[in-house]
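Construct the entire structure; sequences and hints are all you get.
Each chain, written out:
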Amino acid sequence: MSDHVPSALFIFSEEGKSYVDTIEKNPYGTKITSIFFDTLQNNETEYLKDCQHVVVCGPLAVIKEVVRQGITYQFSVGFIPLPTQISLISCYGLPKDSEAILSLALRNNPKDIDIVFCNETLVFFKAVIGRIPLVDNQDKKNKINFLRNFLKRLASLQLLPFTITTQGTKQDRLSTAACGMIISKIPEGNFTSSLTGNKSSLSDGMLTMIMVAPFSIVNYLRLILKILIRPKSISVPDSIGLIRTSQITVQSPRELTAHVDGESDVKIPVNFRIIPKALKINHGRKNAYEEKPGNSDQEIFITKSMPAGKELTKACDKRVPFFAYASEERFNDLFVALRNDARLDVSYFVLMFLSTVLATVGLYMNSASVIIGAMLLAPLMAPIISLAMGLLRTDKIMFRKSLIKIFLGIILALLTGAFLAFISPYQPLTSEMQGRLNPTVLDLIVAVSAGIAGAYTKSYKEILQSLAGVAIAVALVPPLATAGIGIGRLDPIFFSQAFLLFLTNLIGIVLSATFTFRVLGFSPAVRGKRGLLVIALFLIAVSIPLLISFQSIAAKFAFEKGWKLERFMVNGKYLIVQNADLKRIRGNQILTVEILARDQINRSDLNEFKRKVKKNFPNDLIIRAKITYIP
Amino acid sequence: MKTIYILLSALFLLITSVSCDDTAQTPKQVVPVKGADPIKIGIIGPLSGPDKDWGESGLSGIKTATYLQPYLENGRKIELISEDDQNDPILAKKALAKLVNEEHVSSVIVMSNSESVLNLRNIAENLKTPILAIAATHPDITEDNSYISQLLFDDNFQASVAASFVIDELLVEHAAVMIDKENPHSLYLAKQFINKFESVGGVIAEISFTSDSALLQKNLESLKNKNISLLYLPLDADNAVATARLLDAINWKPIILGSDMLQATILLQHQESLDLFDGMLATDPYTTLSPQTNYGKSVAKLYRKSFESPGTVLAAAGCEGASIMFSAINRCQNSEDKSCINSMLRTTHDFLGIFGKISIKENGKSERAIFINTINGRHLQVVVKVY
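Chains as they are written, first to last, in numbering that gives the first Met the number 0: chain G, 0 to 630; chain S, 0 to 386.
Quick caveat, the hints were computed from the structure, so don't treat them as lab data.
Treat the hints with care, since some could be wrong.
Simulated restraints, written as ranges between beta carbons of each label pair [said to hold, decoys possible]:
1. G:Asn587 with S:His348: 17 to 27 Å
2. S:Asn375 with G:Lys613: 26 to 36 Å
3. S:Pro37 with G:Lys613: 32 to 42 Å
4. G:Leu220 with S:Asn375: 45 to 55 Å
5. S:Val32 with G:Thr627: 52 to 62 Å
All C-beta atoms, glycine included, are put in the ideal place defined by N, C-alpha and C.
And the structure:
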């Protein structure tokens, strides 16, 4: 048997007229009878009743009409795509080379394909009901319009009620809500195939329905991103429902239409049915499932993440929120863990006591490693994260319990630190202590980052081990221990500065963890704004002294940096300032300068140096000089 | 909620009031006295001739000071009366006599160079009029008289700083000095530089500036062959440009260290030769890329607004000099009491200038910081600041 058909009818429209000559002079010996599409319509039986193979070239409406006629007259079909028919090329695996296209169109081994009908309308590519921004957007030529349209549709996304009835082997009825759905037959290279993992073929007797029901805009964007990054994903993500069956009826109490192949609308209710192996066509797909229909003819029903029951009532006809709302059922494990974290227990007090002892000793010893040990041992992070969740979900019990737990922990830590400082005969001011006496807005940034990380790690079991790093980053107990030392030494400034650092961490973590939980979709349908407002006010209040402190550190840095350019000529002796360090100790500003000098510096020179510094620099500086001589 | 808003607003006001610590040396609000005679202040400077740009620039600075403070604290208007001396010592002398005897000025600001101001010493004492030299740095201008004061550092300080910087910071032990023997400012600076440099162990080669290009090139080539790595140029801008062209011609690129006003004049009058001075160092009373005081910021803003240009070193000196003079007059009960003005001028204590504090001592010498700048594009970038 020849590779190509001995004769064929070439049906073309105005757009396909230019191909007539090429087809008729084909190198495969196929005898071509060319006919204009409009001419054919006047007397289709005469031309088609004995026809074995048709090659068609024209717009989609022409192709679909020829396909319909192919089903009626049982001829096989080959395609000559127009350059703009990208969907036709990609869906049916048509080659891009014109010679290969012609060869495929005239090939003598057409393959069976199923045809989908939406009521009486033939679905060649897909039918879309509702909105699926970016996926169903038709205006892809103008990128700005495409993006604007996408954002507009994204912002107005809402879940619509649907009743889906399957009439395949398994007959079922599902009441749900979705922002949109796609019904398609195409097995590869499109949105449905990327979500279903290409588990279908052109002749498996199944149609695929994808229902998109995002619980937030963020969730939807993540879905789109996932498809863009991993187009061949094989798992069905959250917020997607998937049905593979032979017949589906879609109903909705709303007045909706099914948009078929981007060109015609069919009013709902609609029945999608498949006519198995209705037509033979020459396509270029190399689908493995084509050869193993046993793998692809199974019905699939994945609808567990579709809204149902109470959620359906809450979500229906409402705009999809930017951030998700979560039901307790969906995240039960996390809520149980957080409630446990908010509960008072002996181990919490034991760990709190031990970590404070370790932190206090570490501060006295000026040992960073001992302090890090205390940070790791500290159990404060867990109730703080619970507090954030309690605040977000206005869960009064969780909020109150975690607040009490944190409060008691703070009291215990302060008392322990104060007691150890009180009984200690040695009262040093180590650099580890000093480091906790000047909180700035940078500490707030650390706390906010740690809060985000804490909430994030708590939400995903697989990264829970990172909590240790979070605990080190934010270091809750050492500032508390330092504040306790301040109480023990009866030094209110010592106490207040260290406690400000602790408050910074606490408020920063609570606010950022609350926000993170909200972004991750743990907020309830009814949000509690009052708690967030209170925390935000606290944040503003704590930010003010931190900002002032930060400004003062920035000024100190600028001052010290500026000093590296300063030189002094005292009594004819040239002094080069190599380094300057400004410290505030008990209200005094002590400036220590490292000076390089060639000549011997005597008391008179130092007095002159001191006079010049006092004259030219603000603040009443106490000056210390370290002199290195140039030999 | 209302209470929270009130509390937050109060906190905000408290914070803003704390953070707005304005230490600007801004003039007091003055109510002008109608019908009162203006107080006359004389200005002498090169308002024509080759150094016209210099004089005009300084005068713009002085005018800026009057825009900042148009009236004295007693409500009398400040009137400026300027006289051109073309940087000529004889003309300077005549200008001073005219201002004092004919215009009856209460004080004089002199923008001219050291040579001109040195020539005023004889008559200053006779005229008993306070004079503030804003550009002259020769140490002798305050000698043998009690009426000429200096706004800038003197050449002893300048040369000492330059020599110390070269040996201690640039670590150069073999340097050369080019002397313009017809210019007393150049001669004095060179002498002081050599003394200081040699006293700390440096070795100096001397070379005289000459208008004979061939001879000068030959002398420069001999220095080049001696592996001299730094050339100190206490020259005026014209001579410095001529030298730089010859250095370029013989393809020698030593470190160049200039003296006060050199970079400013090059930026002002020799922009076409800026490439020759890329990376040049110089001692200067001002800079452009350094934090300014609030007074400095006000002056810069006002200058830009009034003259639509960023200002020059001479304009800065003019403005500072005039502000210091106004301050001295303000401290006298009688604004025309020249003796009092002179006394107040010579007891100027910690006047907050454009880049820092300036004091004028009883001997007429000022105490202020000196910058060592380098030319960076069209700006003077600080290398070090010496107090």
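How the hints compare with the structure:
1. G:Asn587 with S:His348: 17 to 27 Å: holds (25 Å)
2. S:Asn375 with G:Lys613: 26 to 36 Å: Since the Cβ atoms of asparagine 375 of chain S and lysine 613 of chain G sit about 32 Å apart, the hinted range of 26 to 36 Å holds.
3. S:Pro37 with G:Lys613: 32 to 42 Å: Holds - the Cβ-Cβ distance for proline 37 of chain S and lysine 613 of chain G, about 39 Å, lies within 32 to 42 Å.
4. G:Leu220 with S:Asn375: 45 to 55 Å: Given range 45 to 55 Å: holds, Cβ gap about 48 Å.
5. S:Val32 with G:Thr627: 52 to 62 Å: Roughly 60 Å apart at Cβ, these two residues keep to the hinted range, so it holds.
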